[in-house]
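Novice: Below are the chains, spelled out letter by letter.
2 protein chains.
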Amino acid sequence: MNTHTHIVIMAGGIGSRLWPVSTPEMPKQFIDLLGVGKSLLQLTVERFRPVCGISGIWVVTSDRYVGTVKRQLPDIPEDQILAEPVPRNTAPCIAYASWKIMRKDPDANIVVTPSDAIVMRQEKFTEVISKALDFTEKTDGIVTVGIRPDRPETGYGYICSNSAEEDKVVKVNAFKEKPDLETAKSYLASGNYFWNAGIFVWSVSTIVSQLRAFAPQITGIMDRLAESFGTVEEQKRLEELFPQCEKISIDYAVMEKSSSIYVIAADLAWSDLGSWSSAGQHIEQSDNGNRTVGPDVRLVDCEGCIVHTDDTKMVVVKGLKNYIVAEKNGNMLICPIEDEQKVKDYSAPKEQ
Amino acid sequence: MNTHTHIVIMAGGIGSRLWPVSTPEMPKQFIDLLGVGKSLLQLTVERFRPVCGISGIWVVTSDRYVGTVKRQLPDIPEDQILAEPVPRNTAPCIAYASWKIMRKDPDANIVVTPSDAIVMRQEKFTEVISKALDFTEKTDGIVTVGIRPDRPETGYGYICSNSAEEDKVVKVNAFKEKPDLETAKSYLASGNYFWNAGIFVWSVSTIVSQLRAFAPQITGIMDRLAESFGTVEEQKRLEELFPQCEKISIDYAVMEKSSSIYVIAADLAWSDLGSWSSAGQHIEQSDNGNRTVGPDVRLVDCEGCIVHTDDTKMVVVKGLKNYIVAEKNGNMLICPIEDEQKVKDYSAPKEQ
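Which chain is which? The protein sequence lines are A and B, in order.
Read in our numbering, the first sequence has 157 at position 156, and its numbers run on one by one without any break.
Read in our numbering, the second sequence has 71 at position 70, and its numbers run on one by one without any break.
A few of these clues could be false.
[Claimed, not checked] Once the Cα atoms are required to be at most 20 Å apart in a straight line, the calculated EDC-like pairs of lysine to aspartate or glutamate come out as: (1) LYS322(B) with ASP340(A); (2) LYS322(A) with GLU339(B); (3) LYS314(A) with GLU26(B); (4) LYS345(B) with ASP302(A); (5) LYS322(B) with GLU339(A); (6) LYS322(A) with ASP288(A); (7) LYS351(A) with ASP311(B); (8) LYS322(A) with GLU304(B); (9) LYS343(A) with ASP297(B); (10) LYS343(B) with ASP297(A); (11) LYS345(A) with ASP297(B); (12) LYS351(B) with ASP302(A); (13) LYS345(A) with ASP302(B); (14) LYS351(A) with ASP302(B); (15) LYS314(A) with ASP346(B); (16) LYS314(B) with ASP311(A); (17) LYS314(A) with ASP311(B); (18) LYS322(A) with ASP302(B); (19) LYS351(A) with ASP297(B).
Since the hints were made in silico from the structure, they are not lab data.
With the hints as constraints, model all of the structure from the sequences given.
Specialist: Below, the structure written as structure tokens:
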């Protein structure tokens, strides 16, 4: 295990597409969504254990979730739980973590990962991440992880690789945003399009110089902020400076501009659990393609439904096809699966 | 106010068609279903106040609901809350109350009523009940109350009167069970078919002699039971004898056999609140014919739905037409309104 390896887990999201199970008070990364006794965040840390000790784990989250992170990951060094005063998308988040890591370990080799995905093929995952880390240790490359698609998914971004080959670091041709169904089908057929898992591997010097080149507004702020690192002023300066960062994703800020982007593609049995249908695939299927979680779920003439109601006593559903029925903590959702991307809009707080 | 007037309120039902708002633990008659600050049982007692003092009110209920009745109606004489050890349908229930009343007041003139209906036209109701009581005071007749139908309802029984006239005691031609839609339409068109409100008016001597004639199995048991009335043996005898009664409705036991049945028909703005659609009519209608109860109900592309979720925080429903969505105390129902009669089957306890 290389002591220069650091894992940055981004855990600030509010998981609004999985409402009502995921809420701003307790987003999905902190929930035992699969019923395995561990939250998605805890599973993410475990997944990286073969490549990184607990001392190399960093979590970037929102102010309000710091307590939850500490409770769920009591072994992580407290100064490696980074609290964003406001959300500013992934580029400032990654910059902040990178500047922190650089100060501690200028030779750091970093994996940035979401906190809410699952990977069923652990060994393959370890192998892929190790290969990526080997590559970025020796080069100035940025390596992304591509997932071999098994369906024409329209909810994910895609990476177009120069090669259909798996388990090997190869050059990226282009990043593609969430496609429509026809396009997704052509991606699936082509063989060299992979789902973008949102995992990035790079050395700290690489990402810092790439950010300096393509996101100077952010790096200027980070340089000023870094002057306060380790001083009594740090928290105050963070609250002053971080909100001034441009709100931009790492994809737009760096990935689409940099010329040294690579991908290592693999079949990892990966899911981002980002929506009800992707989360639903991890619930066992019963008659008529229904997937249910709950103590007493009674489906009459239902087909292809996802019912996630583990807070309830009894649930009776009659005559629904391809619907999501979810209940948590007094919030309730009944919505066609095809409209799942709009769940976050339907459940958004009302304008005052 | 005639001191020989007694009201028998039948409050033993479990309201299974209004699950999950109505449950065996707290059936609908004990619930403030309309959000007016009073349960249906309390509203029933109030409705009879112009014709009967509190000392004339009797409630027959199940053992398990006695405490609830006492709490909701603290002024009722305790010995006028009658507890059936087991449910035996309406004939034994009415017989038991009649034997009790006969002992207290042999000249009693009685109204038997369900506990879970509502009547919006109170004055008309008082007038109708008073006319019926006047009639049964002077005759051996049995008077039923007929409701002028305003739609071809298939969920109610009908009374075929000899006359289309209202507000007058006239002879009954026949009782009709719940019809199919075509038949219900012809009833509505004919003018002399009325909904059977399940309200019966008779003198105690009339009902006792009618029961003796047509339900001797039950009256034999009542005579034996009556020997214990007012003794320390009473409860024990009740538990022994009452369960031996034939399980039969008053409609089958007496109404269909007796020759002296009358009806007084009226437009009372009555509803038995027996099902979600009849209960739903008392919820204000919003856009697209939806009727909702709940702190934050959000309907997207919904039409003609009844949403009753006052225990929840937020409810999002997308794309349902003519559905019931109800939640109470951890139980949840999502069911087409047209299947509402099956709700009690869907939610029935599982066979062990």
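Novice: Now, for every hint given, state plainly whether the structure supports it.
Specialist: The hints, checked one at a time:
1. LYS322(B) with ASP340(A): holds (16 Å)
2. LYS322(A) with GLU339(B): It holds: about 17 Å lies between the C-alpha atoms, which stays within 20 Å.
3. LYS314(A) with GLU26(B): With a Cα-Cα distance of about 14 Å, the restraint between LYS314(A) and GLU26(B) holds, given a limit of 20 Å.
4. LYS345(B) with ASP302(A): At roughly 16 Å apart (the allowed maximum being 20 Å), ASP302(A) and LYS345(B) satisfy the hint.
5. LYS322(B) with GLU339(A): Holds, because 17 Å separates the two Cα atoms, which is no more than 20 Å.
6. LYS322(A) with ASP288(A): Holds. LYS322(A) to ASP288(A) sits at ~13 Å (cutoff 20 Å).
7. LYS351(A) with ASP311(B): holds (18 Å)
8. LYS322(A) with GLU304(B): holds (17 Å)
9. LYS343(A) with ASP297(B): OK: LYS343(A) and ASP297(B) at ~18 Å, within 20 Å.
10. LYS343(B) with ASP297(A): holds (18 Å)
11. LYS345(A) with ASP297(B): Status holds; Cα separation ~15 Å.
12. LYS351(B) with ASP302(A): Distance of about 18 Å is within 20 Å: holds.
13. LYS345(A) with ASP302(B): holds (16 Å)
14. LYS351(A) with ASP302(B): OK: LYS351(A) and ASP302(B) at ~18 Å, within 20 Å.
15. LYS314(A) with ASP346(B): OK: LYS314(A) and ASP346(B) at ~17 Å, within 20 Å.
16. LYS314(B) with ASP311(A): holds (17 Å)
17. LYS314(A) with ASP311(B): Roughly 17 Å between the alpha carbons, so the hint for LYS314(A) and ASP311(B) holds.
18. LYS322(A) with ASP302(B): holds (16 Å)
19. LYS351(A) with ASP297(B): Within the cut-off at roughly 10 Å; holds.
Of the hints listed earlier, there is not a single one the structure fails to meet.
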